Structure formats: structure tokens, C-alpha cells
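> Mind docking chain B on chain A? Use the hints.
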Amino acid sequence: MNRRTPGWYVSRILLHAFLMTLAVIFMFPFVWSLLTSLKTMPELFKPMPSGSIAQVVEYMIPLHWRWENYQQVFDTVPFGTFYINTVLVTVARTIGGVFIASLAAFAFAQLQFKGRDLIFFILLAGLMVPDQVLIVPRYILMREFGWLDTYQALIVPLLFSAFGAFLLRQFFLGIPKDFFEAAAIEGANPFRIYWDIYMPLARPALSAFGFLMFLSSWNEFLWALTITNSTEMRVLSVGIALFEGQYNTNTAVMLAAANLATIPLIVLFMFFQKQLVEGIALTGVKG
Amino acid sequence: MRAHAAPETSVHSTSHRASQGRWGYLLISPMMIGFSIFFLIALGASFVLSFTRWDLLNPPVFNGLSNYRKIFTDSTFGVALFNTFAIAIPHVILRISIALGLAVALNSKIAFRTFYRVVFFLPVLTMPVATATIWKWIFDPKYGPLNGVLAQAGIAGPSWLFNQGTAIFAVVIVLLWSGIGYDLIIFLAGLQAIPRDYYEASALDGASGWQQFRDITVPLLTPTTFFLSVIAVIGSLQVFDLVYVMTRVDTSNRLPTLVYYIYERGFEAGQMGYAISVAWVLLILILGFTFLQFRLQRRWVHYQ
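In order, the protein sequence lines correspond to chains A and B.
So for the first sequence, numbering that gives the first Met the number 0 puts the first residue at 0; every next one is plus one.
So for the second sequence, numbering that gives the first Met the number 0 puts the first residue at 0; every next one is plus one.
No lab work stands behind these hints, which were simulated from the structure alone.
Predicted, not measured: the structure shown is a model, and the values here were computed from it.
Heads up, a few of these hints could be off.
[As the list claims (entries may be wrong)] Covered by chain B, according to a simulated footprint, are these stretches of chain A (three or more residues, beta-carbon under 8 Å):
| no. | segment |
| --- | --- |
| 1 | 100-107 |
| 2 | 146-159 |
| 3 | 181-192 |
| 4 | 250-261 |
From the three backbone atoms N, C-alpha and C, an ideal C-beta is built for every residue, glycine too.
Bound conformation, chain A alone (with noise of 0.2 Å):
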């Protein structure tokens, strides 16, 4: 590993000259949608020049920086609106789900009752059946409970995460059950043990369950289409599949849009990088 000769140098040059190559390639639709959501309309409908490469950068950089583009987002579409359901639809998914999760997951780990283990693996039997199979019947039930297009449907009903439970509870099976039974003796109930002990030992898995749990409800969108169908209840994901739909859309507005809707999850990834790669190594490898 650490034999400096020159084949080693020329080996490590030609691996990081891949290395970027492959960066900049998965860079490129970032950076390129970024420069086209600020072009103007016909800055957009201009083809590329074929020529140096020098005159290919200058056509991807915008003449004028329409930064109206993404005033325009919110002028056109009620873009406002369908940011502030996915955030509230968001937020109430990953916080109900997370505790919902982790009582079932506490419960399942460290408490003994009859039919405990039964339960637990008719719960992780249903990791295998697809959601589609079961969005009509949910949408019926959903129609029946007189919650078409509101926010309780758009919520409640992917607040029951049985990979959750699972990934919490492989977790709780790591503490010692002396921490358990020491409470105990105190007088403590489960519930006091598991909220005061057990959750803030569980900090990592909870952090990288919750971030995936809010990546996947951020970014979710056959439910919300199925089941709302007013432009007020519409999310983010909806929003904008709609609104790419219509042909007159025009194209730099659009990217705007789809800029607004990533920005937060990579802000939210920046700032906790470092915990959440391990979270979700961790929900891999245990998986």
C-alpha cells in the first residue's frame, strides 16, 4: 500500500483522472439545470454550438441571470402551497413514524409477551408486499373514512414503518437488558425506561431512520398523486410532475422548480453528512 515507486504515482494519477471524470459526469445535471433554470426564453432555444470546448461552457452559462425564473415558480403554480403540505406532510410522517416505530421496536427487543415473536415476523413478512398492491384498497378506505384529499390521507396512513421497527429493534437487541431491569427495580414503568434510557441511546439508528423516513416522504409521490386531487392538497412531487405534464411549461421555470424541491434535502444531508453516511451504512449492513 505504501510502495512510493513511480508505477504507484502513475496508478494513483490515472485513478483520480477516472475518479473526476465520473464526478463531473454525475455533477453535470446539477450544475447544468442550476445555469438553465436562470436563461431566459430564448437563450433556451438556442442549439449548442459545435466547436471549442471554451465556446460550449460560454454557451452553458447564461447571458443574462433571469433570476425571475424562480419568482416566476411561485407566480405560475401555487409552488408556495405545495411546499408548505410537503413540509407539514413531511415533518408528521418522520416524527410519527419514528415514534411509532421505536415503541413497537422497544416493546418487540425488550419486553416479554405472549405471541411477541409471531407478531414481529408477521410484521416483517410485510416488507415483501408491494405498495401497490395495496393502494386501491387504502384509497377506498381512505374514500369510506371521508379523507379524500386531505392531509390525514396524505399522512396517516404510511405512518406504520415495519422496516422501521425492524431496524430499530436490531438496535434495541444491542443494549444490555440490565439497563432494563436496574430501572425497573427503580420503580420505572416501560414506557419511563424506554423514553428516559433507551432513546437516548438509540440517538444514531433514530437519526438515520428518521432521515430516511423523511428522504422517502419528501420524494414520495404515487400516494399523493392517487390520493389528492385539489391543487391546494398537492405536494412538491405532484406539483411538479403536473406542471411538467403541460406542454407551454417553460423549461428554465421548470428546473427552477425541481432546484426548489432538492435544495432542502441537500442542505439538511450537508450539515449532518458525517452521522447520516454511518446511519445509513449501518441500516444497510444490518438490514
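For chain B alone, kept in the frame of chain A given last:
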């Protein structure tokens, strides 16, 4: 450990055990109530409804096996099935091999590791609908940068998203772009778990880097590879939002996949019963492939 605790404390008494049982049911009850309503009841209802003809407005009419029989002769279903697999197979294979290669490269003490890791992971965070919007324009035949670059090389680029073959290619590229980062992170965690002495011992024996990769890294990573391939197969059979945005124009889709077809039959064509029976075929495919992978794992997965 429990042997050292004081004998017969209140923790082990019968009344305590009963109360622990009550707490157990109480704490799992939110999850299990939700699971029963939105999963168990929904699953049962779905199974029954798959044997009916139903437009959502009138009551469902039982029609036996005819939905399932119809699936076999439905050419659009055949196209959707073909598209789904034409996307899934190259996607799974390329995604896992590229992510594995990158993970091995990034696991060494290489400069800019964190930078590379973040760059490859960013697409994972991007909303599929936003991803599709961006790539739709990258693949635009007239104004897209891809055909612009190809034109530099004197190649007239195709109308990517307008033909089945090139559209499948495009969707696979986008899926790879948005999925490799996730697999990379998981592979990196798997690599961390391989004991360093294995490499040191084989280096003493004069093994080359390639031999180490083939004889140590690949076999010891097989549990991770197995986990990722199960996830990737299940995920690619359910591709929907990406294809919905990238290839849909108004009410028709140029590249229907299974989940798109389920959505379109049920909620747009008003053939709910039929849509549900297609969803059950998807469920059976997913169970079948997962089962097959678990059966085959004995042949290639090494657990330490």
C-alpha cells in the same frame, strides 16, 4: 448476568411479568393497529378485489379468474413486463458492479475521499420527479446538452425518449446516476468490516492487488452484495415516478412499466379489479425473485 442479581426481586415476580405483558401490547398497539388496517385488511381486500370487475363507482362484480386469464393475452401488459425487465436487468448488474468498483477505489487512503463520496451520493437525495425533469431535458433531442455534445463529435444523436430502445437506455442511465451513491455507502461499510490482516497476510504471500480483490474483497463482501441485489431487484421492478415524468406526454406513455400500467388501468381507465390483479402478478414476481435469490445465495454468498 441475571444470576448475579438479587434472587426474586419484584422484577421477576408473576404480577410484574403480567404487567410487562400488558405494557408490551400497549407499546406495540399503535404500530399493530395501523398495520392491521392499512396492511392486513388492505391486503385481504386487495386479494378479493382482484377477482372482480370494478369501476370504483358501481359495486364490484365477481368475475372469477377472468382478470388473471386476461393478463396472459393482454399485449400492453406484455409490453409493460418487457420494459420492466429490460430496465431491471442492466440496472441491477451495472449498479452493483460500478458501486463495488468505486467502493474499492474509495476505501484506500486516497485524496478527496469525502468529496467523491458526497458527489456520488448527492443524486440519491434528489427527488425522482426532479431528477426526471432535469434528465428529460438533458436527453432532449434538439436542445439537450447530450445531443449537443454528440454533435461536437459529428454524431447525430437519436430522439432518446421517443423510441423504446433508446428510452430504456436513458432510464437505466438515470437510475444508475441516482442509485449508485446509496450502494457505494453500503459497500464502503462492508469493506470496513473486512479484517486488515487478511490483506497483509496475502501481501506477504506476494498476491497482487487484483488477486486480493478477487480472492479476499469479492468473496468477503458477498453478504453485502446479496443484500444490495435483493433491494435493487425489488426496487427496479417497481420503477414508476421516473418513467412517468420522463416519457409521458399528456395521457399516453411511451414506456409503460408494470407499476405505470397498474396506475393507468386502475385510476385512469377505471378498471380497478384488473389493475389489482396486475399488482398481484407484480407481488408474485417480487416474491419469486426474492425467494430465488435466497435459494441461490447458498452457492455464492460467504458468511464469516
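> All the hints need checking, so say for each whether the structure fits it.
Hint check results:
no.: 1; hint: 100-107; result: holds (count 6)
no.: 2; hint: 146-159; result: holds (count 4)
no.: 3; hint: 181-192; result: holds (count 5)
no.: 4; hint: 250-261; result: holds (count 8)
Checked against the numbered hints listed earlier, the structure breaks none of them; every hint is satisfied.
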